[in-house]
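J.: If you're matching them up, the sequences are chains Y and P in order.
Quick note: the first sequence, position 111, residue 111 per this note's numbering, numbers continuous.
Quick note: the second sequence, position 388, residue 388 per this note's numbering, numbers continuous.
No wet-lab data here; the hints were simulated from the structure.
Bear in mind that the values here come from a model prediction, so they are computed numbers and not experimental data.
For each residue, glycine too, the CB sits at the ideal point set by N, CA and C.
Mixed in with the good hints, there may be bad ones.
DSBU-like, lysine-lysine: derived pairs with alpha carbons at most 30 Å apart [said to hold, decoys possible]:
| no. | chain 1 | residue 1 | chain 2 | residue 2 |
| --- | --- | --- | --- | --- |
| 1 | P | K197 | P | K118 |
| 2 | P | K286 | P | K264 |
| 3 | Y | K264 | Y | K286 |
| 4 | Y | K286 | Y | K47 |
| 5 | Y | K286 | P | K118 |
| 6 | Y | K197 | Y | K318 |
| 7 | P | K318 | P | K264 |
| 8 | P | K118 | Y | K118 |
| 9 | P | K118 | Y | K321 |
| 10 | P | K197 | P | K177 |
| 11 | Y | K177 | Y | K197 |
| 12 | Y | K177 | Y | K286 |
| 13 | P | K306 | Y | K306 |
| 14 | P | K118 | Y | K306 |
| 15 | P | K306 | Y | K118 |
| 16 | P | K164 | Y | K118 |
| 17 | P | K47 | P | K286 |
| 18 | P | K286 | Y | K164 |
| 19 | Y | K264 | Y | K197 |
| 20 | Y | K47 | P | K118 |
| 21 | Y | K177 | Y | K118 |
| 22 | P | K321 | P | K306 |
| 23 | P | K286 | Y | K118 |
| 24 | Y | K118 | P | K318 |
| 25 | Y | K321 | P | K164 |
| 26 | P | K264 | P | K197 |
| 27 | Y | K286 | P | K164 |
| 28 | P | K306 | P | K197 |
| 29 | Y | K177 | Y | K47 |
| 30 | P | K177 | P | K164 |
| 31 | P | K173 | P | K118 |
| 32 | P | K118 | Y | K318 |
| 33 | Y | K164 | P | K321 |
| 34 | P | K118 | P | K171 |
| 35 | Y | K47 | P | K47 |
Cβ-Cβ distance ranges computed for the label pairs, FRET-style [what the hints assert, rightly or not]:
| no. | chain 1 | residue 1 | chain 2 | residue 2 | range |
| --- | --- | --- | --- | --- | --- |
| 36 | Y | E357 | P | T253 | 52 to 58 Å |
| 37 | Y | Q389 | P | E324 | 50 to 56 Å |
| 38 | Y | P55 | P | Q327 | 52 to 58 Å |
| 39 | Y | K173 | P | G140 | 44 to 50 Å |
There are 2 protein chains.
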Amino acid sequence: MKNPSRRRLLSVGAGLAALTSCSKKQEAPSALGAPMSPYGERSPREKSVRLTPPPDTKTPSTGASRTPLQDSYGIITPSALHFERHHSGIPDIDPAAHQLLIHGLVEQPLYYTVEDLKRFPSVTQIHFVECSGNGRTEYGNPAPTPQESHGLSSCSEWTGVPVKLLLAEAKLKPEAKWVIAEGADACRLTRSIPLDKLIDDAMIVYAQNGEPIRPAQGYPMRLFLPGWEGNTNIKWVHRLMAADGPSMTTHETAYYTDLLPNGKARQFSFELEAKSVITRPSGGQKLAFGPGQYEISGLAWSGRGKITRVEVSVDRGKTWKDAEMSQPAFSKAFTRFRLPWNWDGSATTLQSRCTDETGYLQPTADEMIEVRGRNFGYHNNSIKVWYIQADGSVSHVASA
Amino acid sequence: MKNPSRRRLLSVGAGLAALTSCSKKQEAPSALGAPMSPYGERSPREKSVRLTPPPDTKTPSTGASRTPLQDSYGIITPSALHFERHHSGIPDIDPAAHQLLIHGLVEQPLYYTVEDLKRFPSVTQIHFVECSGNGRTEYGNPAPTPQESHGLSSCSEWTGVPVKLLLAEAKLKPEAKWVIAEGADACRLTRSIPLDKLIDDAMIVYAQNGEPIRPAQGYPMRLFLPGWEGNTNIKWVHRLMAADGPSMTTHETAYYTDLLPNGKARQFSFELEAKSVITRPSGGQKLAFGPGQYEISGLAWSGRGKITRVEVSVDRGKTWKDAEMSQPAFSKAFTRFRLPWNWDGSATTLQSRCTDETGYLQPTADEMIEVRGRNFGYHNNSIKVWYIQADGSVSHVASA
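Here chain Y stands alone, though its shape is the one from the complex:
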């Protein structure tokens, strides 16, 4: 074998480069390995976890845990790593005793168990869920890792029944314009949803990534509103009440509103706007091989439809290159983007910006602040900048 002890960088084809490293000895076991198991686990060598509140928190049932996006691959988030945002903890619900009540301005109030729902024509869709507070601290205090800055967003394959089929059974009265959705958690989290959304693409989902929806995501059923802020996707949903207007619940008045410079607040700002973040290399990681070839990889998503373009700048925003995007592009789902990058060893910044099918371009932080001021934190979808030091370490950049 040639060159067994040195590292070498080759340039092949269209700028492709690869590393040969023959310095280590292969190790392979000679003893029989572990047997089959009923329900598998990941390798105990893998340590990537959600970022949870500190153990000494006095309110362990309210808060959030964040997906380790820096360790993500493809577009599916493992259910075990899907972000959480609970307001009164995860209830323990027996699916056999749980029912979804549809009532209010309907001709025929109805209950549905999970087994009832499975008799309806089902749908499966890959969609992200994102907390509208994702990126809330990015103004002036940008987080050092993508988990901290963007980890309140995850993407799964969801299976359930279209809400419009259930509403058709209950026969809405003409004056019904909104639906008040309530969860079965202890705080009975409640949001008002315009009827149009429920008729359009809303689902009651009972499965996630091929198995029953996880308790942290709403087991045994969750209201799913593709592309809308996470808080409206009521977990453990047990009630849909048709009404002629919104209920002005706590979570749409005291919270989840955007205070503007003129002192007024945006309310019912449901749709999540186009956002992207480079996940590798990202803050806390290192370009461990020195100058040479790397892959820049990240995630983009929009609550308004498909991502149609992702651009990456490796030169402090001077120039932008189109990244390759995973195919097919799913509507209201993560899109994985990738760009080969030959790092010359000098300090620089990396950033991405995306465009969705409505033509909307992800803004800079300065552009957002100019429009919305600094009083708000929800719905921050501004560009995230990573700083590459000459030693290869990656950190965040304090933005405007």
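Let chain Y serve as the given structure and place chain P on it in line with the hints.
T.: Only chain P this time, still in chain Y's reference frame:
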């Protein structure tokens, strides 16, 4: 609320029917629930598991575990429920010490660690993996559940690097026509792969469903050959040796060959042909609501490309209806199919047949036996028939 104690079947819209059941009381907790966690679990109420060998087996490191397809949703198989087929158990491999050697008829032998591989342009694809022994006992002894008959097939989102990029780095010699791939398990499972496949769409995958590939699937890296029999997708791969012909290893001579009526055996029959199975309702389940509306749902896949059509018969094969298929259709991946069905309460059979983009139609068992005889068991992709009894219970049908 109307009709609080009776069950009722409605017909709505285009034949849609739904059930109202107002007989139970809703239950919802009033106490705070469980807190966030670093790595989540499914509900302890969910019991669906892989079917493993009996606990008193004398060879626990060789055998298979089967995916519970009757409990599947969508097209993604949870990694914890992905089928297993091990020949010497699951090795415990340290990724930092594991390397992929590319050697033989190459100009430049090379080693790659997982971290090396991540510097290459990566790809993510949704693909099934199927053991060619899936359905092996279906002739004359059809299995009572889809887990037993078809559970050696699963589908995941895989991320890795195209093998062609690695081979380009190593610079194949002109006489290289095959590659011998070897795993790092104790038996050093080895298969010969034609070079064309490796250049076409083969990958070295290091991630599955958004996290590092599970130990049972080849952690830290696996050779992935989309659409080809599972055994060739070498797990824990640590060696690719370029050669001018196949090595005639144990697993391509003594096993994984198809003995034909003329006494000769088909060898290197890599491509898995189009197959489908109804997963719900299926053997072991029951139409618990009596006559009325149900959804027939199942999975179809082909090693030759996309599934273009799935037909379902609910009347003992007399007539066939086109099922709806999940969109988009992925090449060499599970396709979920669905058909609403109004059961009239009489005994009947349910069966599905699929067509792939090459125009190939899934055959009946009789058609397969006519061509291949009864001496073989691998690569059985014949139609699976479920029997519906008048009491709603579902069982299997003894085929030809």
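J.: Please flag the earlier hints that this structure goes against, numbers listed from lowest up.
T.: As far as the earlier hints go, 2, 3, 6, 7, 8, 12, 16, 29, 38, 39 are violated by this structure, in ascending order.
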